[in-house]
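K.L.:
Each chain, written out:
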Amino acid sequence: MSDVIAFFLDPANWQGTSGIPNRLLEHLVISGAGILAATLIALPIGLYVGHTGRGAGIAINLANIGRAIPSYAMMVIPLPFTLLLAPVIGYPPDFGLKFLPIFLAMTFLAIPPLLVSTYAGLRSVDRELIEAGRGMGLRERQILARIEIPLASSIIVGGFRTATLQVIATATIGAILAGGGLGRFIFDGLSQGQSGYPSIYAGAILVSGLAIVVDLILSVVQQRLTPRALRKPRVSRPPRGARSTDGSPVPEGSTAR
Amino acid sequence: MRTPRVLAFATTLVVLLGACSSGGGSSPSAASSTGASRAPASAEASAPASQAAKAPIRIGSDDFYESKLMAEIYGQVLEANGYTVERKLGLGTREQRIPIMNAGQVDLVPEYVGSGLGFYDTTKISGDGAKNAAALQTALTAKQQTVLGISPGQDSNAFVVRKDTADTLHLTKMSDLAAVQTQLTWGLPSNCDANPLCSGALKLYGITYPPAKRSALGAGGVPMATALQGKAIDLAELCSTQPAIVQFGFVQLTDDKATQPAENIAPIVRDDYLAKVDKASFQALLDAASAKMTTEELTKLGVEIAVNNKDVVEVAKTWLAAQGLVK
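Sequences listed follow chains A and B, in order.
Going by the working numbering, the first sequence opens with residue 1, and the numbers climb by one from there.
Going by the working numbering, the second sequence opens with residue 1, and the numbers climb by one from there.
Warning: the hint list may mix true and false statements.
To be verified - Stretch by stretch, here's where chain B covers chain A in the computed footprint (C-beta under 8 Å, at least three residues):
id: 1; stretch: 56-65
id: 2; stretch: 69-80
id: 3; stretch: 95-101
id: 4; stretch: 168-182
Read the hints as simulated data drawn from the structure, not as lab findings.
Fair warning: this is a prediction, and the values are worked out from it, not measured in the lab.
All residues carry an ideal CB built from backbone N, CA and C; glycine is no exception.
Make a model of the complete structure from these sequences and hints.
P.N.:
Structure follows, in structure tokens:
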């Protein structure tokens, strides 16, 4: 344990390409890029499928195949192609080795929880509310934007949290393809036998620490995005803005606003 | 034509675990305690009456295709000559297999003389296969096991480049690298810094370590070979019998200063088994098979198994027939 503390206290581990700040940045970049791409793919599909109820079976099952393929395979399988395409498209081969395959694997990893939560969030919205919206003359797009998305936002962000946690944890294995990120501390440590343990532990601590911090931030976002009426009543203190007349917490699932 | 092969290669996901030398990774202490105490029970009962001279043999192997292939080749040679063979292939890694052998549960296994010696004594490993085999025999005598004749072929650490790099920069041997070292992106395992077989060897060849452009990839792994083929790196550390070398026409640079352990293959046999047979004729059969196994042959057979998905038994059979070892 003291070796691990010594690892963190060593100034050499805080500088340059292989220092903690740079590895942290690399980890955030590859994870962020994967989650962003997955969101751009999964959110529109999830919203469409959730709103219309059409193609749900196909979309969910396809996404779940992504869950079944190990992330290591998802990295190594596209590798020959990302390298082959380098001269064709004109990016450096290094990018095809250290970024693209890892990015693709992270995207595929993040799609299933995002897609499934978006679909489930939309389907959880009370049908009567949607009918009421239609009755008031709202168009489909307005129903989606004004009723379904706000009410589903908490569940959607929940899926986003799951996806983010998985990606931050799994981006670690990008080190197999010479990628950067916090996984380098773990893989480089693993290949050094006994003397590599401090580096392995430090890497594991950094990855889990990053995951916890990011998850805490997202949990605040999730809390904020939840419509007040749907927030879980706190035991100690009623939600400050609850507008029920007698001052008691608004029951969960109530439609009063 | 090219893409399906690339895909097949990628999806095969062959990782030659333990096949070529890792250097200093093994634990010499684990071996010594087990097994040696088991006395050769049959020693007195083995006055070799000529009918009993073909005692049934149990052949084991490690859990990767090349070890299984060698075990299968030895097994089929013996079967063709009247021995009854029981196969116990895929026993695990060297660390798992050695205790099984020491406990007398198998009679014969194929072994790489460099890494096999490294399990007992890393300090005696050299680039000379015969010396490694002799030193391994010294270590195994106490375990009452015998190293038979070694193959000329070996599965050792190999530094390889693409054909186009070799042609443009006129590379044929490791010594040629120093002059062009800055023009290359080096694919090296991440433990290279601490590994005398890697950074130490490169420094011997006049290479400034660490090289400026470097990618950390597992030695002998699929990503390393794919990255070389895809030009993300220009030099890779692979295993000398890795199918990718034949598949993609990589050029293996000669280790002209013999920095890497020689990894010729030889059968190791328990002495209590050898006491039950006519040792000279038994050894002659296996040595004849080993003698025909060159690095090129071993690589070709590896392609058959790992890339073309042929059955190990069939590959061994075809090869033995082609070499005239089994009629």
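K.L.:
State the violated hints by number, sorted upward, taking the hints as numbered earlier in the document.
P.N.:
1
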